[in-house]
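Student: Let chain A serve as the given structure and place chain B on it in line with the hints.
Residue numbers (my numbering), protein chains in the order written: chain A, 260 to 457; chain B, 260 to 457.
Worth double-checking, as some hints may not be accurate.
When chains are identical, the list treats them as one kind, so a pair holds in a single copy or across two.
What the hints assert, rightly or not - Keeping only pairs whose Cα atoms sit at most 20 Å apart, straight-line, the calculated SDA-like set for lysine to any residue is:
1) Lys-284 with Glu-426
2) Lys-307 with Gln-448
3) Lys-272 with Asn-302
4) Lys-272 with Met-393
5) Lys-367 with Asp-385
6) Lys-307 with Gly-394
7) Lys-307 with Arg-349
8) Lys-284 with Phe-376
9) Lys-272 with Asn-398
10) Lys-307 with Asn-447
11) Lys-293 with Arg-379
12) Lys-307 with Asn-398
13) Lys-272 with Cys-396
14) Lys-307 with Phe-281
15) Lys-307 with Gln-278
16) Lys-293 with Thr-446
No wet-lab data here; the hints were simulated from the structure.
There are 2 protein chains.
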Amino acid sequence: MALTNPTTTVPSKITIYDQENFQGKRMEFTAFCKNIMECGMDNIRSLKVENGAWVGYEHSSFGGQQFVLERGDYPRWDSWSGSNAYHVERMMSFRPICCAVSNHKDSKITVFEKENFMGRQWEMCDDYPSLQAMGWCNNEIGSTQVQSGAWVCYQFPGYRGHQYIMECDRQGGEYKNFREWGPHAQTNQVQSIRRIQH
Amino acid sequence: MALTNPTTTVPSKITIYDQENFQGKRMEFTAFCKNIMECGMDNIRSLKVENGAWVGYEHSSFGGQQFVLERGDYPRWDSWSGSNAYHVERMMSFRPICCAVSNHKDSKITVFEKENFMGRQWEMCDDYPSLQAMGWCNNEIGSTQVQSGAWVCYQFPGYRGHQYIMECDRQGGEYKNFREWGPHAQTNQVQSIRRIQH
Numbered sequence: 260m261a262l263t264n265p266t267t268t269v270p271s272k273i274t275i276y277d278q279e280n281f282q283g284k285r286m287e288f289t290a291f292c293k294n295i296m297e298c299g300m301d302n303i304r305s306l307k308v309e310n311g312a313w314v315g316y317e318h319s320s321f322g323g324q325q326f327v328l329e330r331g332d333y334p335r336w337d338s339w340s341g342s343n344a345y346h347v348e349r350m351m352s353f354r355p356i357c358c359a360v361s362n363h364k365d366s367k368i369t370v371f372e373k374e375n376f377m378g379r380q381w382e383m384c385d386d387y388p389s390l391q392a393m394g395w396c397n398n399e400i401g402s403t404q405v406q407s408g409a410w411v412c413y414q415f416p417g418y419r420g421h422q423y424i425m426e427c428d429r430q431g432g433e434y435k436n437f438r439e440w441g442p443h444a445q446t447n448q449v450q451s452i453r454r455i456q457h
Numbered sequence: 260m261a262l263t264n265p266t267t268t269v270p271s272k273i274t275i276y277d278q279e280n281f282q283g284k285r286m287e288f289t290a291f292c293k294n295i296m297e298c299g300m301d302n303i304r305s306l307k308v309e310n311g312a313w314v315g316y317e318h319s320s321f322g323g324q325q326f327v328l329e330r331g332d333y334p335r336w337d338s339w340s341g342s343n344a345y346h347v348e349r350m351m352s353f354r355p356i357c358c359a360v361s362n363h364k365d366s367k368i369t370v371f372e373k374e375n376f377m378g379r380q381w382e383m384c385d386d387y388p389s390l391q392a393m394g395w396c397n398n399e400i401g402s403t404q405v406q407s408g409a410w411v412c413y414q415f416p417g418y419r420g421h422q423y424i425m426e427c428d429r430q431g432g433e434y435k436n437f438r439e440w441g442p443h444a445q446t447n448q449v450q451s452i453r454r455i456q457h
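So here's chain A without its partners, still in its complex pose:
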């Protein structure tokens, strides 16, 4: 069977529920939501991404921990939350990732060993569950430049731990140091990286 991507020309869509397993109050969105409470929803306990790729945030106004949300069913908070050590049982805002490419072979990111695009560098066009397995020197990266598409960097190998979403159309695709990865970034530890799929 040759599968094709049916979402190419369909707008992004997410459905959220205030109970687990797609129960309770239900709302549909095709664009960002800055604060679910202002939309009349106290909490998100399950969700379905019907189209597109999205990013969810722990806090309102796109703050706190980030979670990439690709098409599929998320029946409980732990199906999207990244880090077990620091439980995030809520998602207060979300937005579509507009620059995620349908043909994600076109995604490109350059990873630098040091801050401000210095040191050893590596141009990536593929997914890497372990940077070290591919010869990267240590468990950290200093800065990144996203040439195209959207990417998610993870603290641990195998796409685990804190997530840092990086996009070509945000801050010029330039992430000079870990403080620009998001307010929840505490270290520059990154051990796996992958493209975000539309």
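Tutor: Just chain B, lined up with the frame of chain A:
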């Protein structure tokens, strides 16, 4: 920079510690460990995969939940454990994944809609963070046949939730139904699949 895989000819190696952050008692392994307590270690609280790809298990004798372990640093249990809902804070046995290929372009798996290799089928050679985004009909798969390499299937999109490791050199690469995925498999829900990298 062109990175190459330096692990190709190096044997698998894992170092385990009985305290978090690579502290406390330390042991190195280059082959499987059926029961860490028989090796004189009460618990694993952190680990480093120095070479190869490994699978860790919740219980001794390779039982319970499974966790894929690729090269890199795992400073706490939550850096490898898969499911937040059902906390697994221990790993009692582990083994190298021998058939994980160095050039993981050679990996191949066929996914079937129904049990016993029936229904709609899809031959995969790449990583898929969302099967539904690629046109798969629902959030489940019925059976799988691994033609080459080693794969990990995940319950939720984006490589989250329960993990099911499937290898070409185990049970002939044939996984007829979800009960053959492992003793912890409760449903046939699978929403993302990727190759395991050596």
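Student: Is the C-alpha distance from Lys-284 to Phe-376 at most 20 Å within one copy, between copies, in both cases, or in neither?
Tutor: Intra 46 Å, inter 38 Å, cutoff 20 Å: neither.
Student: Which holds for Lys-307 with Asn-447 at a C-alpha limit of 20 Å: within a copy, between copies, both or neither?
Tutor: This pair counts as between: shortest inter-copy Cα distance 18 Å, intra-copy 31 Å.
Student: Quick one: Lys-293 to Thr-446, C-alpha cut-off 20 Å, is that within a copy, between copies, both, or neither?
Tutor: Neither: 26 Å inside a copy, 35 Å across copies.
Student: At most 20 Å between C-alpha atoms: does Lys-272 with Cys-396 qualify within a copy, between copies, both, or neither?
Tutor: between (40 Å within a copy, 18 Å between copies)
Student: Taking 20 Å as the upper bound on the Cα-Cα distance, should Lys-307 and Arg-349 be classified as within, between, both, or neither?
Tutor: within (15 Å within a copy, 31 Å between copies)
Student: One pair to classify: Lys-293 and Arg-379, alpha carbons no more than 20 Å apart. Within, between, both, or neither?
Tutor: neither (38 Å within a copy, 40 Å between copies)
Student: Tell me, please, which holds for Lys-272 and Met-393 at an alpha-carbon limit of 20 Å: within, between, both or neither?
Tutor: Answer is between; shortest inter-copy Cα gap is 16 Å, intra-copy 36 Å.
Student: Please sort Lys-284 with Glu-426 into within, between, both or neither, judging by C-alpha distance up to 20 Å.
Tutor: Classified as neither; 32 Å inside a copy, 42 Å across copies.
Student: What label fits Lys-307 with Gln-278 when the C-alpha limit is 20 Å: within, between, both, or neither?
Tutor: Classified as within: same-chain Cα gap 12 Å, cross-chain 39 Å, threshold 20 Å.
Student: As a check of your reading, is Lys-367 near Asp-385 (CA-CA no more than 20 Å) within one copy, between copies, both or neither?
Tutor: This pair counts as both: shortest intra-copy Cα distance 8 Å, inter-copy 17 Å.
Student: If the cutoff is 20 Å on CA atoms, where do Lys-307 and Gly-394 land: within, between, both or neither? Let me know, please.
Tutor: between (37 Å within a copy, 15 Å between copies)
Student: When no copy is named, should Lys-272 and Asn-302 be tagged within, between, both, or neither for a Cα gap of at most 20 Å?
Tutor: Within one copy, since 18 Å is at most 20 Å while 44 Å is not.
In terms of the numbered hints stated before, the structure departs from hints 1, 8, 11 and 16, listed from lowest to highest.
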